[in-house]
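Asker: What follows is each chain in one-letter form.
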Amino acid sequence: MSTAEAADGLPRPELVAALPRMRRYARVLTGDPARADDLVQDALARAWEKRRLWRAGSDLRAWLFTIMHNVHVNQLALARREAGNVSLDALDEDGGWQPSVRGGETQRLELAEVLRAMGRLPAEQREVLLLAAVEELRYEEIAAVLAVPIGTVMSRLSRARERLRGLMAEPAASLRVVK
Amino acid sequence: MTSTPALPPTDDDLNAYADGQLSADRAAEVAAALARDPALLARVTDVRAQNAALRDALDPMLAEPIPERLLEATSAPPAAARAGLPRWLRPAFAAAATLVLGVGLGWLGREVTLERAGTPTTFARAAAVTHALYSVDQRRPVEVWANEEKGLVTWLTRRLGVQAHAPDLNAVGYALVGGRLVAGNDKPTALLMYENADKERLTLQWRKSGSGSGTGEAAFRYAIEDGIGVFYWVDEECAYALSGKLDRSQLLAVARVVYGQITAAEVSGRH
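For the protein sequence lines, the chains are A and B, in the order given. First residue of the first sequence: 1, per my numbering; consecutive thereafter. First residue of the second sequence: 1001, per my numbering; consecutive thereafter.
Don't read these hints as lab results, they were simulated from the structure. Quantities reported herein were computed from a predicted structural model and do not represent experimental measurements. No false leads were mixed into what you were given.
Every beta carbon over 12 Å from chain A, so not counted as near; a handful from chain B, in silico:
| hint | residue |
| --- | --- |
| 1 | ARG1159 |
| 2 | VAL1177 |
| 3 | SER1249 |
With a straight-line Cα cutoff of 25 Å, these simulated SDA-like cross-link-like pairs (lysine to any residue) come out:
| hint | chain 1 | residue 1 | chain 2 | residue 2 |
| --- | --- | --- | --- | --- |
| 4 | A | LYS50 | B | PRO1067 |
| 5 | B | LYS1150 | A | GLU136 |
| 6 | A | LYS50 | B | THR1263 |
| 7 | A | LYS50 | B | PRO1077 |
No residue lacks a Cβ here, since even glycine has one placed at the ideal position from N, Cα and C.
Input sequences plus hints: build the corresponding full structure.
Answerer: As structure tokens, this is what we get:
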């Protein structure tokens, strides 16, 4: 971590290293690969604008997640104002969850099933699941990313897990075509 | 305090326990409750299985190739970098920057020469030659096989004097074959070999870079040596080379995974 970078910029290798995780978080938020990459790009632009707020040595990934979450929330608010009350959850019914999974067909189907079930959760539950279960952030870090109290993080997480368990337990539903 | 009976675990306790986020004291109490109550234990096991399933399902996304426009967006935008320039000059700089990015390697958009980081550019050449030598070997491509991965990592760490990491490339279709030590010019080089289902092999090689010469910033370069593609870069401690007969974009995709995992391992190792 060079001091020169900290003074007037962001450490680019760490930014590059964070890209795959940013893209994944964006995919979980938007449910759509193309919109996800737009969101990542917007978030990076925002990160450069706000670069002086990043404390060198702190977790760049969590900081980038915070920025991306905010950009997403702002874009949602804007979209709602412009288009009436469109629920963005309604937009990501199925489309974004194209799993790119290697391995045998059985394994591929199992993983696709997890993604499909996750895609049926509300965005705020998907988000907290990703951050806690997959990114393994501390609950207090998640609270900071989402700008909500830690109790809210824990109750969302609890509901998300409960609901995901329910969705994955209904075998017939997995084969039903979502209209 | 110790005489107070522990409160039964709440939902939040069970979640935090499964995620490894409870304080040590409370975790001990919850563990005791789990030992007494199989139903509680099953809930924790369920959460952990769900976490693992989510990671299995979502981790492959990390190996997907990254669009060029996002790599470019990791550079300071011209407005931020050139804020001090007269307005009429900015378009010229933006155009120049685009041109540089266009002809550059597209990884970081900027090159810091390896010489500056204390590593001769011949590292890529050496890596390619070593790759060619061992990757065609059917019987003895490595000295230590992947079934002794832990011992392999310990051995390479000891011999190089720097913490070794064996990246997990299964998400991009490559399994670890094993590793060996290779004689370098003055320092030993570690080699890990990976193989995909088509028996195509990749090697990751690294050695300690010159002391105190690191810029603290990784620089990525690409070279083709005798038909073998090599991505090489330097971090604070080591010079790395990933070699294989893949095209540039495929090799880049793997290099990203390797780089990300090594960086993550080093960051978590420091904590």
